[in-house]
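Residue numbers (this note's numbering), protein chains in the order written: chain Z, -18 to 347; chain P, 7 to 238.
Worth flagging that the hints you see were computed from the coordinates, not collected in a lab. What you are looking at is a predicted structure, and each value in this text was computed from that prediction instead of being measured. Each residue gets a CB set at the ideal place from its N, CA and C atoms; glycine is no exception.
Straight-line C-alpha distance at most 30 Å; calculated DSS-like pairs for lysine-lysine:
#, chain 1, residue 1, chain 2, residue 2
1, P, K134, Z, K120
2, Z, K88, P, K156
3, P, K134, Z, K88
4, Z, K234, Z, K344
5, Z, K(-2), P, K134
6, Z, K335, Z, K289
7, Z, K15, Z, K99
8, P, K134, Z, K64
9, Z, K39, P, K156
10, Z, K102, P, K156
11, Z, K64, Z, K102
12, Z, K93, P, K156
13, Z, K39, P, K134
14, Z, K(-3), P, K134
To be clear about the criterion: a stretch of chain Z counts as covered by chain P if any three or more of its residues have a C-beta under 8 Å from a C-beta of chain P, and this derived list gives those stretches:
#, segment
15, 69 to 78
16, 85 to 96
Below, each chain spelled out in residue letters.
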Amino acid sequence: MTNFSPLLETRNLAVKKGGTIILDVPSLSIQSGKILALIGPNGAGKTTLLQALAGLSKPPQGEFFFRGQPISSNHDLFQYRRKLAMVFQEPLLFDTTVFENVSAGLKIRGLKRGEIEKRVKENLERFGILHLLNRSARKISGGEAQRVALARALTIQPEVLLLDEPFASLDPPTRESLIEDLERVLRDTGTTTILATHDRMEALRLSDHLAVMNHGKILQIGPPVEVMNQPLDEFVASFVGVETILYGRVSKKERGSFLASIMGYEVEAVGEVELEETVVFCIRPENVTLAPFRPSEATSARNVFSGKIIKITPLGFFYRVQLDCGFPLVAYITGHSLENLSLQEGKEVVASFKATSIHVVRKRMA
Amino acid sequence: MDLIFEGIIKAFYLLIMLDSEVLGITLLSLQVSGTATLISLFIGISIGTLVALTEFPGRRFVVSLINTGMGLPPVVVGLLVTIFLWRNGPFGFLGILYTPLAMIIAQAIIATPIVMGISLAAIQALPKNLRLQILTLGATRFQMVWILIKEARLPLLAGVMAGFGGIISEVGASIMVGGNIKGYSRVLTTATVMETSRGNFDMAIALGIILLLLAYLINLVLTQIQQRERLR
Chain Z
-18 MTNFSPLLET
-8 RNLAVKKGGT
2 IILDVPSLSI
12 QSGKILALIG
22 PNGAGKTTLL
32 QALAGLSKPP
42 QGEFFFRGQP
52 ISSNHDLFQY
62 RRKLAMVFQE
72 PLLFDTTVFE
82 NVSAGLKIRG
92 LKRGEIEKRV
102 KENLERFGIL
112 HLLNRSARKI
122 SGGEAQRVAL
132 ARALTIQPEV
142 LLLDEPFASL
152 DPPTRESLIE
162 DLERVLRDTG
172 TTTILATHDR
182 MEALRLSDHL
192 AVMNHGKILQ
202 IGPPVEVMNQ
212 PLDEFVASFV
222 GVETILYGRV
232 SKKERGSFLA
242 SIMGYEVEAV
252 GEVELEETVV
262 FCIRPENVTL
272 APFRPSEATS
282 ARNVFSGKII
292 KITPLGFFYR
302 VQLDCGFPLV
312 AYITGHSLEN
322 LSLQEGKEVV
332 ASFKATSIHV
342 VRKRMA
Chain P
7 MDLIFEGIIK
17 AFYLLIMLDS
27 EVLGITLLSL
37 QVSGTATLIS
47 LFIGISIGTL
57 VALTEFPGRR
67 FVVSLINTGM
77 GLPPVVVGLL
87 VTIFLWRNGP
97 FGFLGILYTP
107 LAMIIAQAII
117 ATPIVMGISL
127 AAIQALPKNL
137 RLQILTLGAT
147 RFQMVWILIK
157 EARLPLLAGV
167 MAGFGGIISE
177 VGASIMVGGN
187 IKGYSRVLTT
197 ATVMETSRGN
207 FDMAIALGII
217 LLLLAYLINL
227 VLTQIQQRER
237 LR
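So here's chain Z without its partners, still in its complex pose (with noise of 0.2 Å):
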């Protein structure tokens, strides 16, 4: 696409809940066919804004703004939910079947028949379930109901799509091919969607941006490698700056192991790919052993790196050092190792780490 002004604007988003403020972002905009995770704990405020993006605050709350055009009166704002859907952790399916369920949103549109059920199945092929098409809601699995729900929601084609947490009442493998499920869904029909999530990995996966919010703030917001990799303040480091996040191409596969390129450096980590597809590496930083120079011997650990310091921070009982490999790398040391290596910031150290120690998340890119 060659607009580049975002879909969606706001200005002063405020929401207050017996006198204290719990949401308050002054300007937000939404860019067009991409995925917004808003990440934080447990009220952070994350409902509070896709509520409010969903225009559901009450009383209304801030300017809107979509495709530039102000939303100003009752009308704009019910014109402008039609635009929209949501998701919501539990699935809240209706008392019916999953057909009646999905074309809820078509029905209320008051669409023909025809069309309603063209595209009633055409969205639960997208998600495996067509074969649910008669049964009743109340009678089928969670991870169904929420594959339903999700559905229902793109049924609708929502030029924005709100979700609210929509995996996290799901056991660990339902949830899994639900999001590998959704991305794909997401990707293909490029959907603009605004995902609050409390789960990191989740967040690095499907998103393209990323906003971390605590107390009712965005503290920070940008590409996830960026948000990870260079946390703005101690609350982001902590809650999302845990890992080093690194982009690389597979570029060889071996046994049980395969290497990635990145920024020109081979790095070798464990996991099922494909030969030339992107993936993020998360090292964690106390997987990440520092040395005063290479190890003469061959040691387990194959990626073995040179850097330099370029900062060291005081965390309680041990240090957060950040190096510059060619490629960002932070580790955690004791004060102890620290006094033994005496290490300085401009100081060059060896890093090195397993490739068993890397979490390799796949990501289809937008």
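Use these hints to put chain P onto chain Z, whose structure you have.
Leaving out everything else, chain P in the frame of chain Z:
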């Protein structure tokens, strides 16, 4: 024992022969209580839903009033309706005291708080986010309320049963505002009271059996709907 035995035989005879007086009384009972139930559904569900969905000062007080109304004594309603419809009363000019219409009004007043209280509870029991979910599906406020009522249809059906059951078996208000006039405002309950006081136990038993059967049949139908829905 003979009394009861003979009464039952006579009752069945009256039933099987479709005694025209008994038939008339039965039909009037159904008509009066059926109409009153419909009126109470309309008012009870509307106001019950409205109270369930809106926040306003004094809401708790209103809810407590509705809940008290669910146990409104029929004789008190009968007394109030009689006073209002009395020749010199505020609505005396209508001249409808001792008519089936007056009975419908009294019975509707008894059934409405029952339906209202159950509707209120049924709508409130729906998940809180369901309203938001329906609005984000693009519903107007009216569409949202309609979908919520459909979602609460099973407990609402219980409200219908409670309301109808309460007034078809009610006697105090009916006798006070209807007058138990033969062939005009005599219903199953008022007739049963009268026949019993006269010592016509056979007739009283026949009427009692019909009343039980009616209440049973109507609840059977509603229960069928309710249970079928539940199992779907």
